[in-house]
Amino acid sequence: MTSQVSSTAEQADGALVGEQRTSGDGGPGKEVRRLDRVIIRFAGDSGDGMQLTGDRFTSETASFGNDLSTLPNFPAEIRAPAGTLPGVSSFQLHFADHDILTPGDAPNVLVAMNPAALKANIGDVPRGAEIIVNTDEFTKRPMAKVGYETNPLEDGSLSAYHVHPVPLTTLTIEALKEFGLSRKEAERSKNMFALGLLSWMYHRPTEGTEKFLRAKFAKKPDIAEANVTAFRAGWNFGETTEDFATSYEVAPATTAFPTGTYRNISGNLALSYGLIAAARQADLPLYLGSYPITPASDILHELSRHKNFGVRTFQAEDEIAGIGAALGAAFGGSLAVTTTSGPGVALKSETIGLAVSLELPLLIVDIQRGGPSTGLPTKTEQADLLQAMYGRNGEAPVPIVAPKTPADCFDAALDAARIALTYRTPVFLLSDGYLANGSEPWRIPEVDQLPDLRVQFATGPNHQLADGTEVFWPYKRDPESLARPWAVPGTPGLEHRIGGIEKQDGTGNISYDPANHDFMVRTRQAKVDGIEVPDLEVDDPADESGAGARTLVLGWGSTYGPITAAVRRVRGAGQRIAQAHLRHLNPFPGNLGEVLARYDEVVVPEMNLGQLATLLRARYLVDARSHTQVSGMPFKAEQLAEVLKEAIND
Amino acid sequence: MTDTVSEKPSQIEALSLVPKATAKQSMKDFKSDQEVRWCPGCGDYAVLAAVQGFMPELGLAKENVVFVSGIGCSSRFPYYMNTYGMHSIHGRAPAIATGLASSRRDLSVWVVTGDGDALSIGGNHLIHALRRNVNLKILLFNNRIYGLTKGQYSPTSEVGKITKSTPMGSLDAPFNPVSLALGAEASFVARTVDSDRKHLTSVLRAAAAHPGTALVEIYQNCNIFNDGAFEALKDKEQAQEAVIRLEHGQPIRFGALAPDGFGSKGVVRDPATGDLKVIDVREQGAGAVLVHDAHNPSPTTAFALSRLADPDTLHHTPIGVLRDVDRPVYDTLMSEQLDSAVEQKGKGDLATLLAGNDTWTVVG
Numbered sequence: 001m002t003s004q005v006s007s008t009a010e011q012a013d014g015a016l017v018g019e020q021r022t023s024g025d026g027g028p029g030k031e032v033r034r035l036d037r038v039i040i041r042f043a044g045d046s047g048d049g050m051q052l053t054g055d056r057f058t059s060e061t062a063s064f065g066n067d068l069s070t071l072p073n074f075p076a077e078i079r080a081p082a083g084t085l086p087g088v089s090s091f092q093l094h095f096a097d098h099d100i101l102t103p104g105d106a107p108n109v110l111v112a113m114n115p116a117a118l119k120a121n122i123g124d125v126p127r128g129a130e131i132i133v134n135t136d137e138f139t140k141r142p143m144a145k146v147g148y149e150t151n152p153l154e155d156g157s158l159s160a161y162h163v164h165p166v167p168l169t170t171l172t173i174e175a176l177k178e179f180g181l182s183r184k185e186a187e188r189s190k191n192m193f194a195l196g197l198l199s200w201m202y203h204r205p206t207e208g209t210e211k212f213l214r215a216k217f218a219k220k221p222d223i224a225e226a227n228v229t230a231f232r233a234g235w236n237f238g239e240t241t242e243d244f245a246t247s248y249e250v251a252p253a254t255t256a257f258p259t260g261t262y263r264n265i266s267g268n269l270a271l272s273y274g275l276i277a278a279a280r281q282a283d284l285p286l287y288l289g290s291y292p293i294t295p296a297s298d299i300l301h302e303l304s305r306h307k308n309f310g311v312r313t314f315q316a317e318d319e320i321a322g323i324g325a326a327l328g329a330a331f332g333g334s335l336a337v338t339t340t341s342g343p344g345v346a347l348k349s350e351t352i353g354l355a356v357s358l359e360l361p362l363l364i365v366d367i368q369r370g371g372p373s374t375g376l377p378t379k380t381e382q383a384d385l386l387q388a389m390y391g392r393n394g395e396a397p398v399p400i401v402a403p404k405t406p407a408d409c410f411d412a413a414l415d416a417a418r419i420a421l422t423y424r425t426p427v428f429l430l431s432d433g434y435l436a437n438g439s440e441p442w443r444i445p446e447v448d449q450l451p452d453l454r455v456q457f458a459t460g461p462n463h464q465l466a467d468g469t470e471v472f473w474p475y476k477r478d479p480e481s482l483a484r485p486w487a488v489p490g491t492p493g494l495e496h497r498i499g500g501i502e503k504q505d506g507t508g509n510i511s512y513d514p515a516n517h518d519f520m521v522r523t524r525q526a527k528v529d530g531i532e533v534p535d536l537e538v539d540d541p542a543d544e545s546g547a548g549a550r551t552l553v554l555g556w557g558s559t560y561g562p563i564t565a566a567v568r569r570v571r572g573a574g575q576r577i578a579q580a581h582l583r584h585l586n587p588f589p590g591n592l593g594e595v596l597a598r599y600d601e602v603v604v605p606e607m608n609l610g611q612l613a614t615l616l617r618a619r620y621l622v623d624a625r626s627h628t629q630v631s632g633m634p635f636k637a638e639q640l641a642e643v644l645k646e647a648i649n650d
Numbered sequence: 001m002t003d004t005v006s007e008k009p010s011q012i013e014a015l016s017l018v019p020k021a022t023a024k025q026s027m028k029d030f031k032s033d034q035e036v037r038w039c040p041g042c043g044d045y046a047v048l049a050a051v052q053g054f055m056p057e058l059g060l061a062k063e064n065v066v067f068v069s070g071i072g073c074s075s076r077f078p079y080y081m082n083t084y085g086m087h088s089i090h091g092r093a094p095a096i097a098t099g100l101a102s103s104r105r106d107l108s109v110w111v112v113t114g115d116g117d118a119l120s121i122g123g124n125h126l127i128h129a130l131r132r133n134v135n136l137k138i139l140l141f142n143n144r145i146y147g148l149t150k151g152q153y154s155p156t157s158e159v160g161k162i163t164k165s166t167p168m169g170s171l172d173a174p175f176n177p178v179s180l181a182l183g184a185e186a187s188f189v190a191r192t193v194d195s196d197r198k199h200l201t202s203v204l205r206a207a208a209a210h211p212g213t214a215l216v217e218i219y220q221n222c223n224i225f226n227d228g229a230f231e232a233l234k235d236k237e238q239a240q241e242a243v244i245r246l247e248h249g250q251p252i253r254f255g256a257l258a259p260d261g262f263g264s265k266g267v268v269r270d271p272a273t274g275d276l277k278v279i280d281v282r283e284q285g286a287g288a289v290l291v292h293d294a295h296n297p298s299p300t301t302a303f304a305l306s307r308l309a310d311p312d313t314l315h316h317t318p319i320g321v322l323r324d325v326d327r328p329v330y331d332t333l334m335s336e337q338l339d340s341a342v343e344q345k346g347k348g349d350l351a352t353l354l355a356g357n358d359t360w361t362v363v364g
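So the sequence lines, in the order shown, correspond to chains A and B. Residue numbers in the first sequence follow full-length UniProt numbering, run continuously in steps of one, and reach 650 at the last position. Residue numbers in the second sequence follow full-length UniProt numbering, run continuously in steps of one, and reach 364 at the last position.
It should be emphasised that the hints constitute simulated quantities derived from the structure, not laboratory data. Do not rely on the hints blindly, as some may be mistaken.
[What the hints assert, rightly or not] Derived lysine-lysine pairs resembling DSS-like cross-links, with alpha carbons at most 30 Å apart:
1) B:Lys347 to A:Lys211
2) B:Lys198 to B:Lys31
3) A:Lys184 to A:Lys140
4) B:Lys31 to A:Lys220
[What the hints assert, rightly or not] Far from chain B, some chain A residues (derived; all Cβ distances over 10 Å):
5) Gly156
6) Ile276
7) Gly289
8) Phe331
9) Arg497
Using N, Cα and C, we set each Cβ at its ideal position, and we do this for glycine too.
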């Protein structure tokens, strides 16, 4: 079938793996084909359970050992009007027998639960792809609702695709008729029927999903069994029906992964675990002050489940109180965190400035979403970079750390905590909606290999006055790191007052002295500028002649996957390109200027209007070539590859 | 007397987890080395002296005492206390103190705030701290004016206040901080006056002993921008008629002394409306006068008492502890959840958490 072409586009265009055999695995007389990668998109109404279906398929795929990457995409409304285009929710999953970097540009298989899902997604589906549609929903009213005047399943408009018409609703109700459920109740399991069918098509293990369903509906065993039955019915339907003549195998990605134990993990979950791990490694209690906001709330939810780790979570009355409480806890000696998204950062700005002035450790987690204002709450964007960098009154430098993949959120959280604790400063952790909800396999780290983040609280006087008196000076700095001592309440003899008013160097007493203010502003800046961050690594494989590339593509944050996939395509097409990716946006790595100067052309793809490019131009006087996209969706590798090729050929 | 008086069910020691001082303390121990920079004659001096003088009575290790403030004249207070302190940003002190108090139950955390700081820019944090009942003592310095920004009307200024920003008179109705706190589910609400050191100290004492959030409104004179705002309550002659001194278990009587040794005015419930009103006991007898019950679980009567005050003349202003009831304390509950999570699930093990339930192994 043409749709299941195994172009391993992320490694090199045109490579093909394909082996056909007939075996009992796929059912009597059914053909089994081997593929190296597949992209599936489940699409339906917001209430159809597409995110759950996608999650389950992902879990099965992860436990099977494929590499994978996911892209959930859903409306901000909880239950948008049924059957409408804005109400469509989808989940895209890319899985492979080799390492992959993105959820894929275009699906090989679209599962469309209703006409709206078909209409909203067909534009992304390449000709020749397979489309599984729930024919039960293709009746007059649902079709008219989304502007289909004739039935697309019958009018020939889908002739370029391989369409599988399946009456999912009818089949599900039929399969569940012995359960005595109402039609409406039975119908709800149609997503499990679809999941069963797709699980058969791709030889996914099924035990996990059955176990999951029984646990999820433990209090309603009838519903649990109904769902399991629907799931099995879907599987059996694939195995027996003539329409599905072929099933596919995607072998585990054994060589893509280093030795180790793996699990599937989303960005927000990895970030939550990173925070818990950081607190443990610092031997400090974790305190989260937060106000619910999409797409950051899942971190609040997750940390709230782990009170047995000594984690305190405080759902505040507003964003300002969220960070305020965190700052108060930091003063008291906790590893303090606040989690939010762009609009929340705007509200927290004044408190972030206070944290800069107080020089206390504090993590500000910004899960970026489309802006400005409320913007696109459930979509992704990288447009808070300059807000994180400059969005405060006065000179208020704040370090910025950005994770590059969902699993990397774990390490980035530890790194952000290291900086906050070592330098006694607020730190921005800039994730985004794509990383937050997307997932990938994660090699579970050995706990004893995690970095040591322990800190030393001040315990006694640190300064001798001219008359020999030993005193404690809250703003007497460590000469190396420029960090001030962290003296927590309860420590005898170190009673001191801190505040947002400018303070005298050393003593920390209020000071309006012009020279002192100048010194303090420059010192706070120097402290952040002096934060140790590793040099930027450049991937620039020399060709046989030993020559490197002349063009560099430089990204930050969640664009890592698409950029790397695009770079593979460019190199696969025989062209040379260097790639580097920034984890630290403030301060930049020490060698960044030198790296930029090495290349004739620097391309900077970003999901904003060129914010990193602006910083690079200002700082390094480099004529960076900004490539931007603000659609609320991640870059597509193929399009990005074209942009890079253009830059190379210019 | 018609009313019975409630007892607090249990006199929980609010500061039982705070370490005690090892040596005897004096007022001097609580004075910092910083020069006090309020305007000469400011009411804040009196409050500072009262607090510094009262602290040794608590006998707490002073390193376990923290003062957190917002922005405004009164918010400079922490700089003058030789304890831990934070002068934060406008209106946010209750939020910051909530984080500190809920993460450190071994601390005695005090918030110092003003009428603009607590009721205008920080109104949201104040009401939520009160409803949560975090173990905080909030001292609200109410001078009914913005001092630090040089004299604009505040959310407690009387209607028609002529200031720089309201040359034709202010338009907005004021908050009554005590009414507001009672409406926000406060478990402890009191009012006192800067110049009455004895009364101020007694209120501080009751606040300190209260587990949970205590709101103490302190009428404080700004002699520069709103001088004499509380003269009706301070001038001996006027005060007799203007001030209603509340004492738990005592009949609510005030005014010139009647032959029975109590004030000649009394507060009674109006049988027709259920509301409170002031009567002359010499004419109507003292039989119906209410006995003040600060521990009454219902805030209704306390609220009605708070409404007796005339916002313009301050006549019939109740001072003292209006409400003092036991209610679960937020930081205690938070701690208990941590303990019960450990009981239920065992102490968290990071390796187990990271591994989750669904793993696979890649062998090289």
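The hints, checked one at a time:
Between B:Lys347 and A:Lys211 the CA atoms are separated by roughly 26 Å; this keeps the pair inside 30 Å, and the hint holds. Only pairs whose Cα atoms come within 30 Å are accepted, and B:Lys198 paired with B:Lys31 is accepted, the gap being roughly 20 Å. With a C-alpha separation of about 20 Å, the suggested pairing of A:Lys184 with A:Lys140 holds against the 30 Å cut-off. Only pairs whose Cα atoms come within 30 Å are accepted, and B:Lys31 paired with A:Lys220 is rejected, the gap being roughly 65 Å.
Every C-beta of chain B lies more than 10 Å from that of A:Gly156, the closest at about 44 Å, which supports listing it as non-interface. Residue-level check failed: A:Ile276 sits 7 Å from the nearest beta carbon of chain B, not beyond 10 Å. Here A:Gly289 does not stay apart from chain B, with its beta-carbon only about 6 Å from theirs, under the 10 Å limit. With 10 Å as the threshold on Cβ separation, the claim that A:Phe331 sits away from chain B is violated: the shortest Cβ distance comes to roughly 6 Å.
Listed as a non-interface residue, A:Arg497 fails to keep its Cβ farther than 10 Å from every Cβ of chain B; the least gap is roughly 4 Å.
Violated hints for the displayed structure, listed by number in ascending order: 4, 6, 7, 8 and 9.
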